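Asks: Same order as they appear, the protein sequences are chains A and B.
For the first sequence, this note's numbering assigns the number 491 to the last residue and increments by one with no breaks.
For the second sequence, this note's numbering assigns the number 871 to the last residue and increments by one with no breaks.
Hints listed in this document are in silico derivations from the structure and should not be mistaken for laboratory results.
Since the structure is predicted, the reported quantities are computational estimates derived from the model, not experimental observations.
Where is the CB? At the ideal position from N, CA and C, for every residue including glycine.
The reader is advised that the hints may include incorrect statements.
[What the hints assert, rightly or not] DMTMM-like, lysine to aspartate or glutamate: derived pairs with alpha carbons at most 25 angstroms apart: (1) 826(B) with 204(A); (2) 826(B) with 444(B); (3) 336(A) with 568(B); (4) 336(A) with 198(A).
[Unchecked claim] Okay, the calculated beta carbon distance ranges per label pair: (5) 308(A) with 859(B): 51 to 61 angstroms; (6) 707(B) with 293(A): 33 to 43 angstroms; (7) 594(B) with 299(A): 25 to 35 angstroms.
Chain residues, written in single-letter form:
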Amino acid sequence: MNNRIGEHELLVLLTGLFISQLLIPGSLAPVDYAANAAWVSVLLSMVLGLGFALISAWLLRGGDYFSACDLLGRASGLFSGLLGLLFLVLTAVCFRGLLDTLEAYILSLTPRALLAGLLLLCLLPGCFFGSAPISRMLSFYAPFASLLFLAVLLLALPHNAKLTNLFPLFGDGARRLAIDGSIGAVSYLWLFVLLIERRRCKRPLRTGLLSVALSALFLFVGYLSYSLLNAPGSPSETSAPLQQITTFSGYWRFFQRTQSVFVFAWAPLLLCASAAGLCYCGRCLGHAFGMEDPRPLFLPLGVVLLCLAAPSTERAPVWLRFVIEQKAWRALSLPPLLAPLIAWSLRQRKARRQTHA
Amino acid sequence: MKHPFRPFTKLFRYNRPGRPLQVPPADGPEASAPEDSLSPRIQDSLRAMNAVFHYPKNADYVVRELLLGERRCAVLHIDGMTSRTDLEDFVLRPMQQAAPLTAKGEALAQELLDRVLPTGTGKTETDPRKIAQFILGGNFAVLLDGCPEAVLCEMQGFSRRGVEQPVTETVIMGPHQAFNENMRTNLSLLRRILKTPDLVDELFYVGKKAQNPLAICYMESIANPALVEEVKRRVQGIESDVVYTSGELAQLIEDKTFALLPQLLLTERPDRAASFLMDGMVLLVYDNSPYAVAAPATLAAFLHSGEDTSLRWQYGLFIRLIRTLGMLVALFLPAVYNALLLYHQELLPAELLTSLLEGHAMVPFSVTAELLLMEFTFNLINEASLRMPGHMGSTLGIIGALVLGQAAVSANLISPALIIIVSIAGLGTFALPNYPMSIALRIRRICYILASAFFGFTGIAALVTLFLFCDCALESFGVPYFAPFAPKMPHNPDLFLRLPLYMQRMTPPMFRPKQRVRSTAPRGWDPQEGKLP
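Can you build the whole structure from these sequences, using the hints too?
Replies: See the structure below:
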């Protein structure tokens with residue numbers, strides 16, 4: 135298992151993770167409510183993400199998430215375990231998004247469980263090899279995916295973009311945008327990866343900020359293009375810019391036919407994100423259970439992921455719907471968010487005592 | 339009681355079992371263990387050497403006894419491996435005609451070297467096994483009565499292939515010489531390119547039973563000492579009885595044996611080998627093999643050809659882009675074609691789709707079956723033409739490509755478009771300058787065809803992800819396989835793109851060389867000066 139991840143790799147991994155979370159047709163996509171003004175809420179979520187990156191990097195200076203957990207004594211395992219569960223849920227949502235998209239657009243006749251099982255087989259080696267190969271794969275793949283994205287924009291925009299589609303600039307009001315922005319900011323929960331890898335990275339703050347900015351730029355351009363292409367009030371689907379642009383009808387005919395090509399852009403990205411999520415979930419749970427090598431956990435975790443991802447949303451049991459909804463994420467994200475804060479306050483108290491002594 | 343069916347069993351026993359082979363004891367009663375060192379008495383020394391060579395059973399081991407003055411001597415060599423005329427002219431005759439040696443003990447050997455033997459190289463040795471190893475290299479040893487040391491001199495006289503043109507790495511512009519099976523010749527070819535004392539070649543012997551020489555070459559001022567040590571550690575750890583070729587050697591020292599992609603680069607071109615050395619890589623030149631092994635290897639090196647730097651950068655860039663594109667086409671074209679016809683027909687213009695489906699309508703197989711059949715036939719023709727002697731190989735290629743293809747289309751076994759697809763993919767494979775890599779691509783191509791048959795583009799994308807996970811986890815001697823792309827490292831503009839030579843100022847940092855900067859000003863002349871009127 136190779137976790138020697140460099141600064142550039144971490145940057146690419148984080149950017150990929152943020153983008154993947156907003157790329158899939160899930161409850162995170164700001165286009166749900168904000169429609170044509172989604173690009174504004176993307177910017178707002180970026181600000182929140184930057185804030186999260188800044189605060190967490192400041193709180194954990196000189197250490198990483200696990201060392202902060204270790205300061206909490208007996209509760210150490212609990213905090214890292216809860217972070218592991220959060221990663222599992224985020225991974226499940228990401229993987230479900232991939233399956234939903236495939237089911238909806240490309241492989242509608244293939245049994246979902248079979249597809250889930252086969253895709254799981256593809257991503258499990260990534261978990262076993264560690265986070266470094268996953269990020270290398272993303273670094274290698276990023277230029278190709280970016281080229282495809284650029285091709286989408288270049289082919290779609292010049293023929294169909296209308297500047298008037300952008301107005302009204304704030305859509306249905308600032309409140310809606312603020313809500314969507316805060317929802318979008320949930321995707322930056324992946325910043326916990328940065329907190330785990332903090333020690334390996336020479337400039338963690340710079341990496342965190344840059345990754346948030348890069349992903350926001352990518353999404354901003356995507357949603358802006360979406361807004362330029364669609365008149366306000368047109369029916370919108372719950373999917374993100376790349377997929378949305380390639381599937382939405384009403385512009386260049388050639389483009390309508392070519393949407394399946396873009397499976398090469400988003401499927402590897404989502405598989406990478408799922409593999410990374412499962413990898414970090416295993417590492418957190420490994421820390422919670424005191425295991426040095428978390429690899430034995432990946433197979434059972436894969437089975438759990440399969441159980442979470444295989445049922446379609448319509449047929450999903452109530453508990454699964456609860457798990458994959460935002461409420462569950464928010465609840466799960468609270469303790470890991472608190473951990474650096476508690477560790478910081480403990481460290482402060484310790485320092486104060488020492489100065490008194 | 340006699341067995342009632344015995345006559346019948348005798349009748350039908352067509353293969354009468356003979357006496358089973360007896361497993362010989364590890365050390366038979368007659369076998370005498372060779373001694374550890376020679377003795378001052380020549381009879382004892384000869385006995386020790388004979389024991390090592392299993393004399394007199396060993397027919398080509400020659401012991402020529404003679405007198406040097408009053409002193410008994412013996413010249414030991416392997417018949418056919420030393421030059422007989424040279425041995426007679428420069429060893430036996432001078433020894434028979436020389437004045438008696440005056441020194442005593444160990445000094446005798448040195449006096450023989452100083453005064454009698456007119457050979458360029460000479461050393462002394464006491465260990466019979468090392469002496470035997472030296473003799474087996476095509477050299478000779480002289481034993482002297484009263485001296486506990488043998489005199490060893492080089493006089494190789496076995497037949498060897500000359501320096502010929504490369505077979506697998508041919509170029510149009512650039513040197514036209516290749517390594518051959520002789521390690522010394524190969525090292526001399528390297529030294530002719532890199533005329534610097536900085537080039538170090540350390541000699542090792544590989545194999546437990548039959549030891550063959552191996553030279554580990556590196557640039558002392560460039561190569562990372564840790565890398566050199568790691569290569570030596572792996573080479574010294576080889577426990578195989580015999581290593582026949584450098585291909586086997588590479589398999590014995592590579593990182594992951596189950597990975598599909600080659601992790602060490604084999605080259606038959608001295609100019610490429612020299613450029614690897616200048617990049618800080620370590621080169622293994624093995625006797626009996628016309629390929630040198632370069633370590634560590636990264637993906638980009640497998641896509642480069644020896645010609646790239648000989649050509650101006652614009653041409654080199656163009657050729658390299660074509661080659662990279664060829665690799666992608668070779669890898670994905672058949673699978674994409676399969677996926678297009680089976681799952682994503684909406685991507686094709688109506689006219690093209692109609693034409694393709696019409697061509698396929700009369701064929702009784704599915705597109706996937708057709709593709710697999712064609713892949714099998716293509717690989718079969720390729721393999722057969724390689725094994726066929728001389729011109730017959732090319733004839734077979736023509737027969738395979740033209741006659742068989744035409745006949746298969748006429749018989750409605752294969753659609754015409756598919757022949758084009760498989761041919762282009764095949765051409766892409768051959769555009770790759772590295773043979774092991776092209777085989778790896780052929781294997782992956784079949785995997786992609788199968789994936790596209792089941793899941794279309796999704797299958798290809800998923801398999802690409804899986805393979806990239808595996809490839810990105812690969813490391814060759816600690817260097818990531820996709821370096822300097824993933825992980826990102828500073829590098830010369832000489833990977834997938836090839837830009838002007840003056841921009842290539844660094845020694846590739848991924849090998850962590852001692853010398854980081856190759857040259858600060860490759861074109862160190864001022865273009866403004868010296869202008870003609």
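Asks: All hints, please: hold or fail.
Replies: Hint check:
For a cut-off of 25 angstroms, the pair hint linking residue 826(B) to residue 204(A) is broken: about 33 angstroms separates their Cα positions. Note on residue 826(B) and residue 444(B): the hinted pairing is violated, with a Cα-Cα distance of about 60 angstroms set against a maximum of 25 angstroms. The hinted pair formed by residue 336(A) and residue 568(B) fails the criterion: a straight-line CA distance of about 28 angstroms is larger than 25 angstroms. Using a Cα cut-off of 25 angstroms, the hinted pair residue 336(A) and residue 198(A) holds, with the two alpha carbons roughly 12 angstroms apart.
Checked against the hint of 51 to 61 angstroms, the pair residue 308(A) and residue 859(B) passes, with Cβ atoms roughly 59 angstroms apart. At roughly 41 angstroms, the beta-carbon separation of residue 707(B) and residue 293(A) lies within the given 33 to 43 angstroms, and the hint holds. Evaluation of the 25 to 35 angstroms hint for residue 594(B) and residue 299(A) yields a failure: the beta carbon distance comes to about 53 angstroms.
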